[in-house]
Amino acid sequence: MKKVNKRKIKKLHDSDEGVVGIVVAVLIIGLFITIITTVQTIYVPNWMEQKEAEHMETVANQFSMLKFAIDTQLIAGKSMPISTSIELGSKEMPFFLSNKAFGSLEILSDEFVLSVFSDSNGTSNYTFGTIKYTSKNSYFLDQSYIYEGGAIIMDQYKGNVMAISPSLSVELDPYSYDINIEFNAVNISRVKDKVSVSGYGTYPIRTEFSKSYPPVIITGINSLSIDTQYPNAWEIFFNQTFTESGDLVYGTHFSINKNSNSVKINFFSGTDWDKPNLNLKIYDVKAQVGPGWI
Amino acid sequence: MKIKKDNYAISEMLGTVLLLLIAVSSFAVVQANILLNPISQDQTYVTIVGNVKGNNIILLHRGGEPLSLKTKIKFDIDGNVYDIIIGENNYLDSEFKADGLWNIGESLIFIPGLDLTNLDVKVTVFNVETNTILMSETI
Numbered sequence: 003m004k005k006v007n008k009r010k011i012k013k014l015h016d017s018d019e020g021v022v023g024i025v026v027a028v029l030i031i032g033l034f035i036t037i038i039t040t041v042q043t044i045y046v047p048n049w050m051e052q053k054e055a056e057h058m059e060t061v062a063n064q065f066s067m068l069k070f071a072i073d074t075q076l077i078a079g080k081s082m083p084i085s086t087s088i089e090l091g092s093k094e095m096p097f098f099l100s101n102k103a104f105g106s107l108e109i110l111s112d113e114f115v116l117s118v119f120s121d122s123n124g125t126s127n128y129t130f131g132t133i134k135y136t137s138k139n140s141y142f143l144d145q146s147y148i149y150e151g152g153a154i155i156m157d158q159y160k161g162n163v164m165a166i167s168p169s170l171s172v173e174l175d176p177y178s179y180d181i182n183i184e185f186n187a188v189n190i191s192r193v194k195d196k197v198s199v200s201g202y203g204t205y206p207i208r209t210e211f212s213k214s215y216p217p218v219i220i221t222g223i224n225s226l227s228i229d230t231q232y233p234n235a236w237e238i239f240f241n242q243t244f245t246e247s248g249d250l251v252y253g254t255h256f257s258i259n260k261n262s263n264s265v266k267i268n269f270f271s272g273t274d275w276d277k278p279n280l281n282l283k284i285y286d287v288k289a290q291v292g293p294g295w296i
Numbered sequence: 737m738k739i740k741k742d743n744y745a746i747s748e749m750l751g752t753v754l755l756l757l758i759a760v761s762s763f764a765v766v767q768a769n770i771l772l773n774p775i776s777q778d779q780t781y782v783t784i785v786g787n788v789k790g791n792n793i794i795l796l797h798r799g800g801e802p803l804s805l806k807t808k809i810k811f812d813i814d815g816n817v818y819d820i821i822i823g824e825n826n827y828l829d830s831e832f833k834a835d836g837l838w839n840i841g842e843s844l845i846f847i848p849g850l851d852l853t854n855l856d857v858k859v860t861v862f863n864v865e866t867n868t869i870l871m872s873e874t875i
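Residue numbers (my numbering), protein chains in the order written: chain A, 3 to 296; chain B, 737 to 875.
This is chain A alone, in the form it adopts within the complex:
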């Protein structure tokens, strides 16, 4: 009996039937794992970064549509609610391990303060509300888009720029050398508790013209000051607008001081010209986000 068993065991040990199939299976599984791992670790992060960067461009376009809608309402000058939408986040990739991108949309009050200093009027302060989108990306760097005082600002780590300028014009009269600044500023008012939404998906934001205040005309302004979280964007904007469209000279007609949360423009008079006059028009627009309108 023992001899028979030993022979059987020896026969089993010597058998190489089925080895090819197993080796092929192991090789193919190994190949699969290698491919999937390569795709997951190299390609997926690149695709997701591209997807999130594209989503940021989509938000930029949606904010330009928001500004267009508000500008249209201001021109119409009557209560005419318009809804525009903002895509808060972007989807993850199907089949592979990846993260969704999220975002938040808020209507903030008292975020932007415009102060005008003049000998004739003293100091006048005007406070404005803003609309802010903030991304919570997983692969691409986080960015924010802000509707502030009629401008669209793009903010990211270490800086900000003005994506769309506000309605501000500067004119230097070639004969009288009078400098006239006209600023149509927009205040965003909150509607009850419909002030923020966050998560993933497309959310509408509804804006409605509320009222316009009588124009404020201030002659001979000494300085304009803006309290904002985005001083770099406003500094670049003022510098370019005054020098390029207003033909003013930095250091002769004006100078700009910037710090971490404000920008101040100082105006100078000369032998041929006086300090500028400001025509300030303030519009009030109600805004609400989230489902269901009040």
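Heads up, a few of these hints could be off.
[Said to hold, decoys possible] Per label pair, the in silico range of CB-to-CB distance: (1) B:GLY790 / A:ASP180: 41 to 47 angstroms; (2) B:ASP812 / A:PHE98: 39 to 45 angstroms; (3) B:ALA834 / A:SER198: 50 to 56 angstroms; (4) A:SER198 / B:GLY790: 32 to 38 angstroms; (5) A:THR43 / B:ASP835: 38 to 44 angstroms; (6) B:GLY849 / A:PHE98: 32 to 38 angstroms; (7) A:ASN263 / B:ALA834: 16 to 22 angstroms; (8) B:THR866 / A:ASP144: 20 to 26 angstroms.
[Unchecked claim] Cut-off 20 angstroms, straight-line C-alpha distance, at most; resulting in silico cross-link-like pairs (EDC-like, lysine to aspartate or glutamate): (9) B:LYS789 / B:GLU873; (10) B:LYS789 / B:ASP856; (11) B:LYS789 / A:GLU237; (12) A:LYS260 / B:GLU873; (13) A:LYS134 / A:GLU59; (14) B:LYS833 / A:GLU59; (15) A:LYS160 / B:ASP835; (16) A:LYS160 / B:GLU831; (17) B:LYS808 / B:ASP835; (18) A:LYS160 / B:ASP856; (19) B:LYS810 / B:ASP856; (20) B:LYS789 / A:ASP274; (21) A:LYS138 / A:ASP249; (22) A:LYS260 / B:GLU831.
[Stated by the list, open to error] Residues of chain B placed beyond 10 angstroms of chain A at every Cβ, according to the derived structure: (23) LEU755; (24) SER762; (25) SER804; (26) ILE813; (27) GLU824; (28) ASN839; (29) ASP851; (30) VAL864.
The set of hints was computed from the structure by calculation and includes no laboratory data.
Computed from a predicted model, the values in this text were never measured in an experiment.
For each residue, glycine too, the CB sits at the ideal point set by N, CA and C.
Since the structure of chain A is provided, determine the placement of chain B on it from the hints.
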């Protein structure tokens, strides 16, 4: 006659052929759908806008990823070609260069020493780290 009746290894051959078929078709699908995607290297997502002001060429970083000071820019002005590295000379303000990056809101100024009136300026920005073109525009 003995050979005809022998069916040893048939299941293994069938199994192998089936596995090969599955593997080839799977990789064909992966190849067609994924690996042919043009993104095969690190991309840099950045927005740069350029304009000519007087005889100066100004490039503004308008958002996206910050760029290394090793970034190379080629200006082709009416056949005159200039290659610069943004961290060299004073193309970027020293305040901007302090963090070792060209960031959002920071402007680069290049003065070629030519009268740029009515001249086309072709600007090509290269990321030398990823060997990619970030911008190629005529301003």
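Right, here's what the structure says about each hint:
Taking 41 to 47 angstroms as the suggested C-beta distance range, the pair GLY790 of chain B and ASP180 of chain A does not conform, at roughly 26 angstroms. In this structure the hint that ASP812 of chain B and PHE98 of chain A lie 39 to 45 angstroms apart at CB holds, the actual value being about 42 angstroms. Distance hint check for ALA834 of chain B and SER198 of chain A: the Cβ-Cβ separation is about 36 angstroms, which falls outside the suggested range of 50 to 56 angstroms. Taken as a hint, the range 32 to 38 angstroms is violated for the pair SER198 of chain A and GLY790 of chain B, whose Cβ atoms sit roughly 46 angstroms apart.
Between THR43 of chain A and ASP835 of chain B the C-beta distance comes to about 29 angstroms, which lies outside the given range of 38 to 44 angstroms. Restraint check, GLY849 of chain B to PHE98 of chain A: a C-beta distance of roughly 52 angstroms breaks the suggested window 32 to 38 angstroms. A beta carbon spacing of about 20 angstroms between ASN263 of chain A and ALA834 of chain B agrees with the range 16 to 22 angstroms that was offered as a hint. Taking 20 to 26 angstroms as the suggested C-beta distance range, the pair THR866 of chain B and ASP144 of chain A conforms, at roughly 21 angstroms.
With a CA separation close to 16 angstroms, the supplied pair LYS789 of chain B and GLU873 of chain B stays within the 20 angstroms bound. In summary, the hint linking LYS789 of chain B to ASP856 of chain B is supported, as the alpha carbons are separated by about 13 angstroms, within the 20 angstroms threshold. Between LYS789 of chain B and GLU237 of chain A the alpha-carbon distance is near 18 angstroms, which keeps this suggested pair within the 20 angstroms criterion. Of the pairs offered as hints, the one joining LYS260 of chain A and GLU873 of chain B is violated, with about 32 angstroms between alpha carbons and a cut-off of 20 angstroms exceeded.
Proximity of LYS134 of chain A to GLU59 of chain A is assessed by CA-CA distance (about 15 angstroms); at most 20 angstroms being required, the pair is judged to hold. A distance of roughly 27 angstroms separates the Cα atoms of LYS833 of chain B and GLU59 of chain A; the hinted pair therefore is violated under the 20 angstroms criterion. With a C-alpha separation of about 10 angstroms, the suggested pairing of LYS160 of chain A with ASP835 of chain B holds against the 20 angstroms cut-off. Annotation: proposed proximity of LYS160 of chain A to GLU831 of chain B holds, straight-line Cα distance about 13 angstroms (limit 20 angstroms).
As the CA atoms of LYS808 of chain B and ASP835 of chain B are separated by approximately 18 angstroms, the hinted pair is consistent with the 20 angstroms bound. For the hint pairing LYS160 of chain A with ASP856 of chain B, the CA-to-CA distance comes to about 33 angstroms; that exceeds 20 angstroms, so the pair is violated. Distance restraint check for LYS810 of chain B and ASP856 of chain B: the Cα-Cα separation of roughly 13 angstroms lies within the 20 angstroms cut-off, and the hinted pair is therefore satisfied. Note on LYS789 of chain B and ASP274 of chain A: the hinted pairing is violated, with a Cα-Cα distance of about 27 angstroms set against a maximum of 20 angstroms.
A threshold of 20 angstroms between alpha carbons decides the hint, and for LYS138 of chain A with ASP249 of chain A the separation of about 41 angstroms lies outside it, so the pair is violated. Proposed proximity of LYS260 of chain A and GLU831 of chain B is supported: the alpha carbons are some 14 angstroms apart, at most 20 angstroms. Separation of LEU755 of chain B from chain A is inadequate, the least Cβ-Cβ distance of about 6 angstroms not exceeding the 10 angstroms criterion. A cut-off of 10 angstroms between C-beta atoms contradicts the statement that SER762 of chain B is not in contact with chain A; the least separation is 7 angstroms.
Chain A leaves SER804 of chain B outside its interface by the beta-carbon criterion, the shortest separation being 14 angstroms against a cut-off of 10 angstroms. Even its closest Cβ contact with chain A, about 22 angstroms, leaves ILE813 of chain B beyond 10 angstroms, as expected for a residue assigned away from the interface. The beta carbon of GLU824 of chain B sits about 22 angstroms from the closest Cβ of chain A, which is more than 10 angstroms, so the claim that it is off the interface holds. Distance check for ASN839 of chain B against chain A: the nearest CB is about 5 angstroms away, which does not clear 10 angstroms, and the non-interface claim fails.
The beta carbon of ASP851 of chain B is kept farther than 10 angstroms from every beta carbon of chain A, the shortest such distance being approximately 20 angstroms. The beta carbon of VAL864 of chain B sits about 19 angstroms from the closest Cβ of chain A, which is more than 10 angstroms, so the claim that it is off the interface holds.
In summary, the structure is inconsistent with hints 1, 3, 4, 5, 6, 12, 14, 18, 20, 21, 23, 24, 28 from the numbered list given earlier, while agreeing with the others.
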